[in-house]
Amino acid sequence: MHRKRVVLGVAVAAAAATVLAACSSSGSSSTSSNSTSSSGKVTLSWWNNANTQPLLGVFTNIIKQFEAAHPNVTIHNVPMQNELFKTKVTPALRGNSPPDIFQQWGSGQQATQVQSGKLADISSDVSPWIGSLGTPATEWQTNGKWYGVPYDLHVVGFWYRKDLFQQAGISSPPTTIAQLESDDATLRAHGITPITVGSKDGWPDAFWWEYFAVRECSQSTITQAMSGVSLSAPCFTKASADLDAFMKTNPFQTGFLGTPAQSVPNSSVALLANGKAAMELQGDWDPGAGAGLTSDKNLFSKLGWFPFPSVPGGAGDPKAVLGGGDGYSCTTGASEPACAEFLQFLTTPAVQKQIIGAGVGLPANPAADSDLTVSAEQDAAAANSAAPYIAEYFDIALPTTPGQNLDNAVAKWFASPEPTGSAIISSVSAP
Amino acid sequence: MTRGTAADAGLTGPGAAEDTAAPGPGAVRRGGRFVRSRKLRKTAELSILLGPALVLFLGFVIAPIVIGAYYSLYNWDGLGPLTHFTGVHNYKIAFSDPAFVQAIEHTLLLTGLSLLIQGPLAIGIALLLNRDFRGRSFMRLVIFAPYVLPPAVTAVMWSLLLQPGGLVDEVMKSAGLGGLVQLWLANVHVVLYSVFAVLTWQYLGFGIILLLAGLQGIPAELKEAAAIDGATPWQTTRRVTLPLLGPTIRIWVFITVIGSLQVFDVIWLMTQGGPAGASDSMATYMYRTGFQNQAFSYGTAIAIIMFLFCFAFSLVYQRFALRRDTAGALTGAVG
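Chains as they are written, first to last, in numbering that gives the first Met the number 0: chain B, 0 to 430; chain P, 0 to 334.
No lab work stands behind these hints: they were computed from the structure.
There could be a bad hint or two in this list.
Stated by the list, open to error - The following residues of chain B were derived to be distant from chain P, with all beta-carbon distances above 10 Å:
{"id": "1", "residue": "Asp200"}
{"id": "2", "residue": "Phe255"}
{"id": "3", "residue": "Asn404"}
What the hints assert, rightly or not - When the alpha-carbon atoms are kept at most 25 Å apart in a straight line, the in silico PhoX-like pairs for lysine-lysine are as follows:
{"id": "4", "chain 1": "B", "residue 1": "Lys411", "chain 2": "P", "residue 2": "Lys91"}
{"id": "5", "chain 1": "B", "residue 1": "Lys296", "chain 2": "B", "residue 2": "Lys275"}
{"id": "6", "chain 1": "B", "residue 1": "Lys117", "chain 2": "B", "residue 2": "Lys161"}
{"id": "7", "chain 1": "B", "residue 1": "Lys275", "chain 2": "P", "residue 2": "Lys172"}
{"id": "8", "chain 1": "B", "residue 1": "Lys161", "chain 2": "B", "residue 2": "Lys296"}
{"id": "9", "chain 1": "B", "residue 1": "Lys275", "chain 2": "B", "residue 2": "Lys301"}
C-beta atoms are modelled at their ideal positions from N, C-alpha and C, and glycine is treated no differently.
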């Protein structure tokens with residue numbers, strides 16, 4: 000019996016050793032060690048969503064430039080597909096070797112992640128210079144401390160085809176919802192689909208509902224709703240009623256519930272880019288996202304931008320915009336000040352010019368606004384800087400679970416709109 | 000005390016008797032050693048050969064299930080420590096969420112449709128492809144081809160074909176079926192069937208290949224004998240071929256049901272379970288709540304429910320359907 004146990008023990012130990020060896024070898028190769036070695040060399044692993052050109056190439060160059068200026072620092076670039084961040088970051092923060100730097104959208108999601116204790120408070124490193132980025136950067140603050148820095152900003156608004164507007168005889172973009180509805184009718188009368196929306200992905204639907212909420216609710220109501228995780232204020236119900244009434248005018252393309260937002264030839268942005276629809280309510284990345292899905296070389300000159308129209312009687316400021324941005328956080332294991340220095344490096348005007356040159360967003364540093372090449376994007380950037388306040392996308396402003404529940408609830412509501420929107424209101428308090 | 004010492008001391012009793020095959024004490028001793036070393040060798044062989052697999056199985060299959068069941072009893076966002084014990088609360092929420100109940104219904108509907116539609120189709124086509132005709136290999140290749148495509152490719156390809164005004168719509172219109180054109184992926188009443196059609200397109204080839212392999216194993220003599228006895232081709236198929244194909248069909252049913260209960264990739268890529276959850280399966284619901292909404296313990300509870308569905312089906316099916324197929328193989332070899 001004793002021998003049997005020994006034999007079994009040896010077998011188990013051997014097997015366990017094999018398993019452990021396999022795990023540890025793959026572990027050490029896939030995640031970088033985030034410690035400083037005796038020679039003062041520092042390696043920082045960088046999880047970002049620049050997995051396609053042109054941003055991938057831009058980031059590769061930026062790493063070279065940073066490493067040239069900081070010879071003791073090596074940046075280990077780990078690009079991955081954007082949607083993966085929804086699923087990979089939380090387990091990584093839960094584990095013992097999170098990346099040193101990772102994609103961070105700030106606000107409520109960041110506050111959720113701060114609870115892990117793995118996000119580095121970089122306030123002392125960034126406080127000398129972060130003021131130059133203006134108020135949008137405060138979305139990367141949690142409890143008054145800086146846990147992240149943006150490298151670009153986003154604003155949501157209407158992208159429209161100037162050529163199709165002209166074809167329908169519409170001289171200037173609408174400024175009220177009533178005008179938008181009458182323009183829709185005019186476009187329909189000319190055989191043009193007025194508006195395209197990528198409802199399959201859910202979040203484009205949420206843009207619609209959130210913008211109506213931003214127009215109906217005052218800034219303080221929105222802020223309280225996000226921090227208190229409650230949409231009980233009556234203005235949110237009015238937003239549903241507004242959107243319901245608007246959707247009754249049949250503004251969207253045929254089969255919009257099954258249309259994806261981007262990346263594929265049947266996506267909503269591809270419809271816009273190919274002139275099959277006249278408008279889309281989308282982020283500033285839309286021209287870049289559409290350019291890859293059309294053979295039209297003159298797409299950028301055909302696109303115009305206008306802000307979400309005003310809603311009569313709404314308590315919200317008609318100049319307020321819905322937006323957000325992309326940034327990065329350092330984790331507690333990352334070497335400082337190298338990590339914070341790298342985040343600062345990304346916001347310097349010379350680097351900002353390279354990043355926005357890739358068409359990914361508006362510059363986080365307003366000093367680089369003039370480098371935007373698409374004229375309509377300059378309009379979007381101007382509206383963003385002139386906005387009295389920026390309402391962060393609700394799914395980012397809220398903690399993660401309520402935020403995603405809201406997106407799902409709005410997407411579901413789109414399939415059978417009704418004026419109370421009670422399912423949307425209650426979604427944020429669901430499990 | 001080991002059994003060896005008991006035998007050495009010449010003790011009689013159950014311990015010694017176990018090892019004795021021969022009558023005398025000396026024989027007991029030698030025989031004991033012999034039997035013991037043979038047993039030891041067998042034990043060592045088993046440990047060394049099975050040990051690694053067992054450790055992997057326990058570590059990567061059993062342990063995660065147990066840990067998952069444990070996590071599902073908490074309210075956990077995936078980041079902090081497990082502190083908020085809620086008991087079976089997550090399960091209660093799941094079964095009171097109409098979206099999840101709907102997802103279960105969809106999953107069961109897909110499973111039922113797979114059996115009722117894919118099964119007869121696969122059997123019929125396999126029987127046809129088993130006959131001798133020109134271009135048989137080519138036909139087999141064509142029919143099996145969709146199964147070789149990655150589900151992601153299938154999903155993207157079909158979502159392009161099924162888009163409004165896409166190829167499917169145009170073909171139907173030019174065939175005079177324009178009245179039947181639907182918003183295949185955008186109509187909440189149609190989308191589940193569109194997805195099922197794509198799943199059938201993808202997985203039919205697998206059933207056919209499986210059944211073809213089963214058909215190859217049926218001796219031709221039996222059919223010849225039936226023919227000599229005056230059986231019609233239909234009678235031969237009905238009375239000889241199909242009964243002998245039974246084990247293969249039963250395995251196909253098993254694989255299909257388990258696969259349908261877990262179906263995810265094609266649905267997720269084509270519709271993300273939408274619009275409005277109209278094509279949600281249990282797996283897409285689990286992914287959305289668990290990973291996208293980051294309600295990790297709730298998602299785990301859904302995963303456990305899915306596991307129980309599969310487990311219960313496996314047990315029942317093994318007991319009542321597969322037992323006669325495996326009876327000889329599993330029990331005959333022992334002893």
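For each hint, the structure was consulted:
For B:Asp200, the non-interface assignment is contradicted: its Cβ lies about 7 Å from the closest Cβ of chain P, within the 10 Å cut-off. With a least beta-carbon separation of about 7 Å from chain P, B:Phe255 fails to lie farther than 10 Å from that chain, contradicting its non-interface assignment. Interface exclusion of B:Asn404 from chain P breaks down, the closest Cβ pair being 6 Å apart, not more than 10 Å. For the suggested pair B:Lys411 and P:Lys91, the alpha carbons sit about 22 Å apart, so the restraint of at most 25 Å is met.
Between B:Lys296 and B:Lys275 the CA atoms are separated by roughly 16 Å; this keeps the pair inside 25 Å, and the hint holds. Distance hint between B:Lys117 and B:Lys161 is unfulfilled; the C-alpha atoms sit about 48 Å from each other, more than 25 Å. Our distance criterion of 25 Å between C-alpha atoms is met by B:Lys275 and P:Lys172, whose separation comes to about 21 Å. Straight-line distance between C-alpha atoms of B:Lys161 and B:Lys296 comes to about 15 Å, which keeps the hinted pair within the 25 Å bound.
The suggested pairing of B:Lys275 with B:Lys301 holds, with an alpha-carbon distance near 13 Å, which does not exceed 25 Å.
When held up to the earlier numbered hints, the structure conflicts with 1, 2, 3 and 6 and fits the remainder.
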